[in-house]
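From first to last, the protein sequence lines stand for chains A and B.
Mapping the first sequence onto my numbering, position 82 (from 1) lands on 82, and the numbers just tick up by one.
Mapping the second sequence onto my numbering, position 103 (from 1) lands on 1103, and the numbers just tick up by one.
Heads up, some of the hints might be wrong.
Result set (DSS-like, lysine-lysine): computed pairs, CA atoms no more than 25 angstroms apart in a straight line [unchecked claim]: (1) B:Lys1072 / B:Lys1147; (2) A:Lys40 / B:Lys1146; (3) B:Lys1148 / A:Lys54.
Selected chain A positions facing chain B (Cβ under 7 angstroms, derived; list incomplete) [unchecked claim]: (4) Trp24; (5) Gln29; (6) Leu48; (7) Arg55; (8) Lys62; (9) Val134; (10) Arg243.
The set of hints was computed from the structure by calculation and includes no laboratory data.
In this text, a Cβ means the ideal position worked out from N, Cα and C, and glycines have one as well.
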Amino acid sequence: MSTFYKELEREPTMTETNTDKEHWDMIIQPKTSMLDLQLKEVWRYRDLIMLFVKRDFAAQVKQTVLGPVWHLIQPILTTAIFLFLFTGIAGIQTENVPSPMFYMAGITLWNYFSMALTSTANTFVTNAPIFGKVYFPRLVLPISIVISNLIKLAIQFGLVIAIMLYYGISGKYTFHFNSSLLLIPVVVFILAGLSLGLGIVISSLTTKYRDFTLLLAFGVQLGMYVSPIPYPLSIRPQGSMLRTLLDLNPITPLVEAFRYALFGHGTFTAGTLLYSAVFTVVVLFFGTIMFNKVEKSFMDTV
Amino acid sequence: MSNTVIKVENLSKQYRLGQIGTGSLAHDINRWWHKVRGNEDPYLKVGEANDRASKGDSEYVWSLRDVNFEIKQGDAVGIIGRNGAGKSTLLKILSRTTAPTIGNIKIKGRVASLLEVGTGFHPELSGRENIFLNGAILGMTKVEIKKKFDEIVDFAGVERYIDTPVKRYSSGMYVRLAFGVAAHLEPEILIVDEVLAVGDAEFQKKALGKMQDVSKGQGRTVLFVSHNMGVVTQLCNSAILLNKGSVAYTGKSDLVVQKYLNLNLSGETYEAPQEKEFYIKKAQLVDEQGNVCSTFGTSNKIYLQFTIAKNIKKASAQLSCTIQNKTGDYLTTFVEDLDKWFNDANGSNEHTFQVLYPGDLLVPNYYAFRLAIFSGRAVYDLVEMICPFSVIDEGSSMAMYEGAGYGYFSTNHQFKQIL
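For reference, chain B alone in the conformation it holds in the complex (with noise of 0.2 angstroms):
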């Protein structure tokens, strides 16, 4: 007996863009009349991959297709790749919350996921009901519960609340207590989406551990979903990079990761796949002379321009805009008003703005940009890793030692003998 655990072969899955409803009952009939005939079901036939980027002519689009890999038992996986890559569908598909459209997955063991911590919370129930509610839809029995249930309430440090309504936790108790009763599944594999994102930094390290705990000391195996490269690499001991809803590549998690960075940092123009109530349109980087750029000397200027449009018609909001390292961790963050342009009552508007960043301020290095529009907690719209650009040295004293690694940012300091 094989020790593989999940063995993916051919998986496709397949997406209608657009308004479900209208045409779709015409769609039915003709899939119904080709399988009365014995007929293969003509829509299988048409979609094309999926790239949000570029306008296609299908309805259809292939979410995934045609993938195949196998995962060992104790092994922890990382699914990188860009927005819209098939990530999340491959996760949906392996949770059982949506079924492929061809080929098939096999599975040792009971798997679950973490796709959102707290899923069926209720409000009004106490900390003490909702465990057991929660552990149950997570798959648990009332004994095993039982059983974990003081553990559980200890990892989340919520021991005085336990009889309280969840509603009066605060945002961080109601996390934990999630996390605490997700984490003492025990399943044979854990599939993980960026949860970690929540949370104060004391809870995450703790997450983290409980994480590797589960791959490393348990024998168990994680499917870890990231944008954090940094995360990916220190967790995960192998990787599968997806492109376009096929496997780029897969292998060991740093070379994987390496890859990602390189199909990354092939330098782009973000678009937005589609509109939004209030959403970033477009961004690029162009130098001082206007040209779209991805490579800038230290001492260049660094111009990013992006549009914003708003469909809705009251809205107050922010922006941020954070320069993000090539593993995805903010290094510098600024935060914008938007209400001054867009306080246009009634309708839609759409501005283009600039931000201009001065030279000598990033040493060479890979970067990237990360945009939101929010409100509030209220996230409108939110983009990791756009317009990804390099600096590149000019011929300093560390140029001979490229790759080595400077780090992020120059420091203006002053260099002198004092004795």
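Okay, chain A solo, but in the shape it has when bound (with noise of 0.2 angstroms):
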């Protein structure tokens, strides 16, 4: 008996309820309140977030010789590909930032926010197996590849750098770094927030209509050029129809910052930067309720 009390103590309880003149540890029951998030129980379970963001990881590298150094293959090849399109045949100017180091910063952000939609969105359909038998938050998994694609973004921005050092030595462009460079993290924490909002939405609605994972391979693809990756966002004047579209995209902002921390040109304001961060909360907050809802019955129609 005693044992079993120190562990309730322990253990914070998962859905309390007083309505009972007892005191259960759980309900389980058809419906939880809509708002109900379950963050709390989400936190309870760190521990398996980081053990599945290093099983991601080191399951990827081993019986591999160049391990990591393959995340630098693909981002160099789309580099050559839009120098050679992009540069060479359309002649788009990259704002006297040397387009190698241009498309490189836009191509790691980018590679970021589709790897992290892509897998986020496949959570219920790829993991299948292991949720049919064993319960964890749900959550769990969405976020742990978020933050084992941050590794990834890591070694990628490495690249980044390597290349920003080569323009710096050889004093073919001159760095102005001040403070801005703080807008980094801040923006890959929205980017992050935004691809893990946006996975979670579609994951959600995959699991009962296959459709939407065909549509998002498809958006995934059509989203890199209305986001100033090939191009920067003041290649086209306020007013046309591409600017519209491109401000109302949130990875815009996110981007043009991003660039403007590195290299000090990009075309964005505090009021764009905070439209991305709250477009990203609204998405998020509406994934949780959605794949909240749908974890507890997608055995049965995944």
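Put the complex together from the two separate chains, hints included.
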């Protein structure tokens, strides 16, 4: 008996209720309140989040010779293609910033977003075997995916730094670093939240209707071209159709702010950045509600 | 404060049969429309009991319907019932992998389920890494796992391999490690679903012992689902019998097991609930005259007839046919190669077979059959405790002791005076 109660004190209860005279630790019922986000429970499983991050990374690297170096090949190739297409053929000017550096920064950020989004969007479908056998807060998995992709982002960011060092040391570009460097963690944080939010919305929808997976693959590809990745925002004048579309895209201020922090060129204001942040919070909020609603019954429909 | 740790109230779970996706959008919209107008979900009114053998009219079935029971702390409770009686659904709801449609379960303490050991094991990670990962998936914190680590490794007996990726483990080592993690969870309520079917005999004994410790020694509550009535009677002090989604009987485990056997031994023709790639479609017992029968005299021949159907292109498979006793233990098995009948590479085919068991083979008792179609380690279909039958005494000198237990087999022995 004594160990039984000791355990209870240590473990915070899950869904507390006092409607009954007795005290129950957990009540399993058809539906909980819509606004019960269960974030407390996710926090209780924080060790699991970190272990999933470790698993994702370790499993990828094992039995490869080059290991994490593989993460560098994709951005290098994409940059090369952009140089050929947008600088070589289309002749797009990149705001006095050397094109390779400009593209590399944008691609790094976009890669993070698209990788995190596509893998979180498949959470339910790919993890159905585990989810069907044991309970843990399902939100743990998308969160761990967003974090483990941060490691890849850090590796690719190393490439951006390397290329910046090259231009800086050879004197081909003069950097003026200032406090705006602090924007980088802010941008990455908002982007992580955005990809998590959109990812869980889509994963909630895909459990029943797989159509959304197909739509997503298409959308991510298209999304890059309505984000200022292969060109600067300033290329389109205010008021043009493409510019309006770009301004509505919550990723636009993030990319521009990121390049501003690194190279000193970019078009954004505190207002547009705030727009991205608010957009992210709203998506995350509704995403979590949808996700929690789906996680209770998705095993019957997935 | 009463010591009830699990209280199940009006628990019901509805499933939709058939393909999800076609027509489900229309149902979703209809459901939503009723909700907007403040009406009840129209599909909750329909649905029928989950009797898989008979073809129903409704697309919706109730896998569980109005289930109520309470479990006290320290009880070891067996949950028994035929395939499709709702056992697995109940466990799934208890372990929170799916939510009930109506009703609720109130729980005190932490629940851990061993629905299948080794959940989340990653083949590329080492034993050590997997212990931590698996432990965390099952709800332990890092500190807790660290404390238990040596004990788990010791229990599984894999110390030498602890830093080797688990993909290099033998299947026995793998299972031992997985069960080791699960067994050291120390939840207040442990849910076990026939995990004991795996591993070698020595390990099974160890695992059963561990379960007994958990329920008897440490005052924890165990819910155990099994087809093996012997183990249920041995391990559990009480049991719940589910039938077609409802609680048919609860009480002391030996009494409930007896009820289950009576329910099961009513004589039936087995019919597959759904089509599979390669499966046993139908099975029945007939006597010498060809009548479907479930009671045989000791000298009667017993004919088992069954139909096997194949729906996949290419498959090489074997059939195993086992006589089981009333508690589910295997008494005798033979294996037959199916390739010579199912060698039509392009299409489906279906054949009916008959097995003849000679008279004077089984002694008066209750028996059933277990049929499996498998290929190597892959199992296409497996049915247990089907075609239950009884062998009755035809007036041997044992007849007056009916019920005392004859054993199972008659020996073709000689008995004579030699001195």
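Now for the hints, and whether the structure bears them out:
1. B:Lys1072 / B:Lys1147: Cα-Cα ~29 angstroms, so violated.
2. A:Lys40 / B:Lys1146: Holds, at about 23 angstroms.
3. B:Lys1148 / A:Lys54: 21 angstroms, holds
4. Trp24: Holds. Min distance 4 angstroms.
5. Gln29: Holds, about 4 angstroms.
6. Leu48: Given a least distance of 4 angstroms, the restraint on Leu48 (chain A) holds.
7. Arg55: Since the shortest Cβ distance to chain B is 6 angstroms, the answer is holds.
8. Lys62: Holds, about 5 angstroms.
9. Val134: 5 angstroms, holds
10. Arg243: Constraint on Arg243 (chain A) not satisfied, violated at 37 angstroms.
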